[in-house]
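Given these sequences and hints, build the entire structure.
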Amino acid sequence: KAGVTQTPRYLIKTRGQQVTLSCSPISGHRSVSWYQQTPGQGLQFLFEYFSETQRNKGNFPGRFSGRQFSNSRSEMNVSTLELGDSALYLCASSLGVSAEQSNEQFFGPGTRLTVL
Amino acid sequence: GDSVTQMEGPVTLSEEAFLTINCTYTATGYPSLFWYVQYPGEGLQLLLKATKADDKGSNKGFEATYRKETTSFHLEKGSVQVSDSAVYFCALKGNTGGFKTIFGAGTRLFVKA
Numbered sequence: 002k003a004g005v006t007q008t009p010r011y012l013i014k015t016r017g018q019q020v021t022l023s024c025s026p027i028s029g030h031r032s033v034s035w036y037q038q039t040p041g042q043g044l045q046f047l048f049e050y051f052s053e054t055q056r057n058k059g060n061f062p063g064r065f066s067g068r069q070f071s072n073s074r075s076e077m078n079v080s081t082l083e084l085g086d087s088a089l090y091l092c093a094s095s096l097g098v099s100a101e102q103s104n105e106q107f108f109g110p111g112t113r114l115t116v117l
Numbered sequence: 097g098d099s100v101t102q103m104e105g106p107v108t109l110s111e112e113a114f115l116t117i118n119c120t121y122t123a124t125g126y127p128s129l130f131w132y133v134q135y136p137g138e139g140l141q142l143l144l145k146a147t148k149a150d151d152k153g154s155n156k157g158f159e160a161t162y163r164k165e166t167t168s169f170h171l172e173k174g175s176v177q178v179s180d181s182a183v184y185f186c187a188l189k190g191n192t193g194g195f196k197t198i199f200g201a202g203t204r205l206f207v208k209a
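Chain order of the listed sequences is L and Z.
Under our numbering, the first residue of the first sequence carries the number 2, and numbering increases by one thereafter.
Under our numbering, the first residue of the second sequence carries the number 97, and numbering increases by one thereafter.
No wet-lab data here; the hints were simulated from the structure.
Yeah, the Cβ is synthetic: ideal placement off N, Cα and C, and Gly gets one too.
Don't take each hint at face value.
[Claimed, not checked] Residues from chain L that face chain Z, not an exhaustive set, calculated with beta carbons under 10 Å:
#	residue
1	45
2	46
3	105
4	108
5	111
6	115
Listed below in structure tokens is the structure:
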């Protein structure tokens with residue numbers, strides 16, 4: 002089974018620009034979560050999508066948004082980039098069945114975003 | 097709300113030393129508990145998990161026991177190797193807060209030859 006894939010792996014943008022990151026989950030997984038990882042703040046939850054609906058949201062400004070398509074692939078978008086948005090953005094997929102809280106998450110390798 | 101607290105790093109050990117990374121949690125009900133590991137330049141991967149009290153998760157020589165009385169899930173390994181150098185994250189998935197996984201801050205482990 003193919004793992005979680007994220008594209009692109011590396012991205013360099015300048016302040017004020019916008020960026021779209023893509024995540025393809027493991028086949029059969031319906032839940033996709035996004036995290037921002039920085040040395041100072043650790044792993045911070047952005048949002049989770051399940052069956053094309055946002056099911057959970059973290060404490061990030063409205064510049065951060067996402068969506069999920071019918072094939073479970075997900076994208077996240079960051080508008081009006083700031084220097085502080087430089088981070089590793091990780092996507093994770095899971096079966097997402099609500100009754101099975103023991104389902105672990107499977108992570109992609111991440112997209113390294115640098116904002117200049 | 098639910099939360100996870102794990103010991104700050106970095107932790108530096110010599111090869112074949114005993115490893116303990118402490119993790120405690122706050123949650124209502126009976127969460128599932130996980131340890132994830134992140135090797136340099138990679139995403140996180142599941143190391144082990146436990147879904148109910150007194151369960152012991154184990155993998156690759158690592159172990160952790162779900163202790164409800166102390167709300168802990170400490171990670172242990174009897175003899176670490178240089179290849180175990182990575183960042184370790186304790187996490188929980190509970191009944192509240194929707195279906196998201198709550199992660200600790202991570203503990204970086206360096207193992208010297």
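Quiz prompt | Ascending list of hint numbers which this structure does not respect | solution = Per hint list: single violation, 6.
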